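*Asks:* One-letter residues, chain by chain:
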Amino acid sequence: MAITFDHVNYMYQPNSPFEAVGLSDVSFTVPSESFTAIIGHTGSGKSTLVQHLNGLLKPTSGTVTVDDFQLTAKTTNKHLKSLHQHVGMVFQFPENQLFDQTVERDIAFGPLNFGFTNEEAMSLAHQAAHDVGLPDELLKRSPFELSGGQMRRVAIAGVLASQPRVLVLDEPTAGLDPRGRAEMMAMFAKLKADQHLTVILVTHQMDDVADYADQALVMAHSNLIKAGTPAEIFADPEWVKAQQLALPTAANFAQHLVTRGFEFDSLPLTAEQLAIQLRGQLPKEGR
Amino acid sequence: MTKIISVDDLSYQYPDADRPTLNHISFEINAGEWVAIVGHNGSGKSTLVRALDGLIDFKSGTVTVAGTKLSPESVWLVREHIGMVFQNPDNQFVGATVADDVAFGLENAGVPRPEMQKRVQEALEAVDMWQFAEREPSRLSGGQKQRVALAGIIAMNPSIIVLDEATSMLDPHGRQTVLSVLQHLRRSNQAPTILSITHDLSEAAQAQRLLVMDNGQLISEGTPRAIFSDEQLLESTGLDLPFSTKLSQQLAKQGLVTPKQYLTDDELEDWLWQSHLTM
Amino acid sequence: MLEQLTLGRYIPGHSWLHRLDPRAKLVLACYFIVIAFLTTNWLTYVLMFAFIGGVIFLTGLSFSYFVRGIGPLIWLIVFTAILQLLFTPGGHIYWHWGILMITSTGIQTSTAVFLRFLLIITMATVLTLTTAPLAIADGVEALLRPLRVIHFPVAQTALMLSVALRFVPTLLDEAQTIMNAQRARGVEFNNGGLIKRLRAIVPLLIPLFVGAIGRADDLATAMESRGYQGATNRTRYRVLKWHNADTIAVVVILVLNVVLVVLRHM
Numbered sequence: 001m002a003i004t005f006d007h008v009n010y011m012y013q014p015n016s017p018f019e020a021v022g023l024s025d026v027s028f029t030v031p032s033e034s035f036t037a038i039i040g041h042t043g044s045g046k047s048t049l050v051q052h053l054n055g056l057l058k059p060t061s062g063t064v065t066v067d068d069f070q071l072t073a074k075t076t077n078k079h080l081k082s083l084h085q086h087v088g089m090v091f092q093f094p095e096n097q098l099f100d101q102t103v104e105r106d107i108a109f110g111p112l113n114f115g116f117t118n119e120e121a122m123s124l125a126h127q128a129a130h131d132v133g134l135p136d137e138l139l140k141r142s143p144f145e146l147s148g149g150q151m152r153r154v155a156i157a158g159v160l161a162s163q164p165r166v167l168v169l170d171e172p173t174a175g176l177d178p179r180g181r182a183e184m185m186a187m188f189a190k191l192k193a194d195q196h197l198t199v200i201l202v203t204h205q206m207d208d209v210a211d212y213a214d215q216a217l218v219m220a221h222s223n224l225i226k227a228g229t230p231a232e233i234f235a236d237p238e239w240v241k242a243q244q245l246a247l248p249t250a251a252n253f254a255q256h257l258v259t260r261g262f263e264f265d266s267l268p269l270t271a272e273q274l275a276i277q278l279r280g281q282l283p284k285e286g287r
Numbered sequence: 001m002t003k004i005i006s007v008d009d010l011s012y013q014y015p016d017a018d019r020p021t022l023n024h025i026s027f028e029i030n031a032g033e034w035v036a037i038v039g040h041n042g043s044g045k046s047t048l049v050r051a052l053d054g055l056i057d058f059k060s061g062t063v064t065v066a067g068t069k070l071s072p073e074s075v076w077l078v079r080e081h082i083g084m085v086f087q088n089p090d091n092q093f094v095g096a097t098v099a100d101d102v103a104f105g106l107e108n109a110g111v112p113r114p115e116m117q118k119r120v121q122e123a124l125e126a127v128d129m130w131q132f133a134e135r136e137p138s139r140l141s142g143g144q145k146q147r148v149a150l151a152g153i154i155a156m157n158p159s160i161i162v163l164d165e166a167t168s169m170l171d172p173h174g175r176q177t178v179l180s181v182l183q184h185l186r187r188s189n190q191a192p193t194i195l196s197i198t199h200d201l202s203e204a205a206q207a208q209r210l211l212v213m214d215n216g217q218l219i220s221e222g223t224p225r226a227i228f229s230d231e232q233l234l235e236s237t238g239l240d241l242p243f244s245t246k247l248s249q250q251l252a253k254q255g256l257v258t259p260k261q262y263l264t265d266d267e268l269e270d271w272l273w274q275s276h277l278t279m
Numbered sequence: 001m002l003e004q005l006t007l008g009r010y011i012p013g014h015s016w017l018h019r020l021d022p023r024a025k026l027v028l029a030c031y032f033i034v035i036a037f038l039t040t041n042w043l044t045y046v047l048m049f050a051f052i053g054g055v056i057f058l059t060g061l062s063f064s065y066f067v068r069g070i071g072p073l074i075w076l077i078v079f080t081a082i083l084q085l086l087f088t089p090g091g092h093i094y095w096h097w098g099i100l101m102i103t104s105t106g107i108q109t110s111t112a113v114f115l116r117f118l119l120i121i122t123m124a125t126v127l128t129l130t131t132a133p134l135a136i137a138d139g140v141e142a143l144l145r146p147l148r149v150i151h152f153p154v155a156q157t158a159l160m161l162s163v164a165l166r167f168v169p170t171l172l173d174e175a176q177t178i179m180n181a182q183r184a185r186g187v188e189f190n191n192g193g194l195i196k197r198l199r200a201i202v203p204l205l206i207p208l209f210v211g212a213i214g215r216a217d218d219l220a221t222a223m224e225s226r227g228y229q230g231a232t233n234r235t236r237y238r239v240l241k242w243h244n245a246d247t248i249a250v251v252v253i254l255v256l257n258v259v260l261v262v263l264r265h266m
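Taken in sequence, the protein lines are chains A, B and C.
Numbered per full-length UniProt numbering, the first sequence finishes at 287, counting up by one with no gaps.
Numbered per full-length UniProt numbering, the second sequence finishes at 279, counting up by one with no gaps.
Numbered per full-length UniProt numbering, the third sequence finishes at 266, counting up by one with no gaps.
A few of these clues could be false.
Stated by the list, open to error - Counterexamples of contact, computed for chain A against chain C with all Cβ distances above 12 Å:
hint, residue
1, N9
2, V21
3, Q70
4, T117
5, S123
6, G133
7, P135
8, L138
9, D170
10, M187
11, Q215
12, L247
13, Q255
As the list claims (entries may be wrong) - Here are a few chain C residues that face chain B, going by a calculated C-beta distance under 10 Å:
hint, residue
14, V163
15, L165
16, R166
17, V168
18, L172
19, D173
20, Q176
21, D217
22, D218
23, M223
24, S225
25, Q229
26, T235
27, R236
28, V239
By construction, these hints were calculated from the structure, which means they are not laboratory data.
All of these numbers come straight from a predicted model, not from anything done at the bench.
Yeah, the Cβ is synthetic: ideal placement off N, Cα and C, and Gly gets one too.
Work the whole structure out from these sequences, hints included.
*Replies:* Dropping the structure here:
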C-alpha cells in the first residue's frame, strides 16, 4: 500500500495554554512495498507522524492517504476501523500491551476485534506465531511467564495476525541484546519479502537505516527536513552532524579514511560497500 | 592494588526458577578499576550486581565490599559504598523534581540542609543538569533522567558506581552524554570504581577489563582486546562483533589483505593507511 | 472533552498566587470553601463571586480559560441542582408528579447549590492551577504535622503522596500508549453499549496494572539502594518559607469572612 502525506499539520490541545505544534506542513510519499526509515531526535515529531498512519491521530489540516483511504480532520472514528486493520502498529516496548490469559488468545485478540470468526482468528494467530518464530508449545502458556524477547515476539505476532498491509515499527529492537536485535531485524526483512508488506521503521540505529531502508525521512522540530535514499541522507556528513545525528558505523569509518588519503565515489554505508570500494586501494591477499 | 570487591563462590536461584541464575561465581575488582560485565539478556548480569548491593538474599557464597563482608547486619554499610543506576530512567526517579531526586539519598543519610544544598548543586553541575534543578521528570528526556540518577549518586560520593544497563533504553545522543559524565568522573579526584553492565561494545571497550557471563556462569574474563579478538566467544554469548572485525571479514571476501590479529577500529584505520601506502 | 478539564492541572507561572506559600493557599482555599456555605442572599453571592473574580485575575490566566475549563463539570453541577429542585418539599408548590415536585424552597435551595458548587469548583481549580502537586503535598504535610503527637505517620504519608504524584504523568503516558496499541488492534473504547465498553477496558487495565507493579518493584529497589530505611532520622531538602504576602492572604480571607457575616443580615 502506498502512503501519501499532503501538507499535514497537527496541533496538540489547540486553544489551550498547553497548545503545541506536533507536525508542521509535512508532505511525502511512501511507495508500496518499500522500506522507509524515520529518523530524528526524541521529540522531533516522529511518534506524532506515525500515529497519523493509522488514524490514532487525525491531521488538524491536510490529508493522509493510505491506498484509497483518505484521513482528514473530518474523518469520523467509525471509518477508522479498516485503516486500523490495514496498518499494523508495533509500539515501543510492545510487550507492555499483553493482557490475555494465553499467548494464543492474546495474538488472536486483533483478528477477533476485526470481525474474524473464532476459528479464523485462532488459525491466523497460529500462523502469526509461526511467522515470528514462537514455538507451538508456548501458545497455551501465559504471556507473562515468557522471557522479555519472547513477550515482544508475542506482541508483534498480535499485530501481524490481523494481516496488515503496512507495518509500522517504533524502535522495535530497543532494549534487546545485539543478537536479539539482529534476529529481529532479519525477521522483519523476511516478513516484508514474504508478505509484500510496506514497512515503516522509526529508529535511532543508523546501521539499520543503512542495512534495510530504501528511503529515509529526517524529522526535526515537527518538520520533515530531508527525505531521500540513505545514500542521499548521509551523503553530507557535515549536515548530518549539524542535525546531531550519527553516521552509520561504516560511513563514519570511511570518513576517517578519507582524511588519510583514501577516495570513495560515494560514501559507503555498510562494511560490505566499504570493502568493495577499498578494492584497488589495498593490496590483494597473498601478494 | 587494593581489592574493593571480592565475590567468592556466589550462587543464587530465584524461588520459582528451575535452575540457578548465578552459578558458583568468583571474581575480584581492584579499587579504581572500570570493569564491564557483558552477556546476553537473561545471563544473570543484573542479578549479580544486585547481589553486591544486598538487594537479593543469596544463601551460598560470600561478597566482600571495601573490606566489609555483606550480611543482613552490614548491608546498610555496604550500600554506602555503592551507588547504583538502573535500566529504566522513569522507575528510579523518586523525587518530584530534579533537585528533590538528587537530594533523596542525602536526606536518607541525614545530611544537614545547608550541606545538602551545596552537594545537590555540585552534583547537578557535574552532570550538567543544574539549570534543570526545578524541572519535573515528565519534562526530561531519558538521557537527562539518567544523568540526574548519576547526580544522585555523585552527591553521595560512593567509592563504587554500578550501572545496571543504565544506557540501554537511551537514544545514541542520551547514551553519549551519560558516558561522557562517567569519563569525566574517572578523571576527577574521586575516580570511583565503575562496574557497568552493557551490551554496547563501544561502551565495553572503555572498560579496563570485561567479565563475560553466560547462563549464570562467569565464562571468561580479560581485557577488551582479548575478549573482542575471540569471535567465537562473542557470537556464542550473543554479542555483536566489533566493526573492525566485520570489516576485516568483508575485506577477506573481496580477496584483499587483512590484519593477522584483532585490531581496534583506530588501529585498523592505521593499518589500512599503511597498507594503502605500500601500493 | 477531558483534555479541556482544568481541575487538577498545574500551569507553571510566576503570578502573585503562584508565589504564595502552599500552606497559605491550602488554608485560603479550604476556608473559602467553608464560608461558601454561609451565603444566603444575593449580596453575599455578589461578594463571593467578586472575590473569586479577583482571585482569578491574580492567577494571570485568562477568564475564558477558566470558563472553558469548568465547562465539562457544569453538567455535573446542573444535575445536582436539578435533583435538589425536584426532591425538595416546602413552600409554595408550583408543580408535582408522583414524588417529584417543584417548590419555592426547592428553587431556592437548588439555586444555592448551583452557585455554591460553582464557587467551590472554581476555587479548587485556582488552587491546583497555581500550586505544583509537590507543593500541595508539602503543604498538606506541614498542616498535618501536629498529628505526629498521636503517632500518625506524617513523614511516610508525605513521601507516599509525593511519589504518587510524581508517577501520575508517567502512568497517564503509559495508559495512553496502551490505549493506542489496543485501538490499533481494533478495540473501540468509545463505542457500543455499557457491557462492550467495560470489556474494552480489560485490555487496558491489565497491562496498566502489570506495568505499575513492575514500576513499583523497580522503585522500591532503587529507594533501598539509595539508603531509604523508613522515615526515621531523615533530613529535608525542601522547606517551606512563610512570607508577608502569605500573612496578608490569610488576613484578606478573614476580612472576607467578617464582611460575609455582616452581609448575611442585610
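*Asks:* Honestly, which of those hints from before does the structure not fit?
*Replies:* Numbers 9, 20 - these are the hints that the structure violates, sorted from lowest upward.
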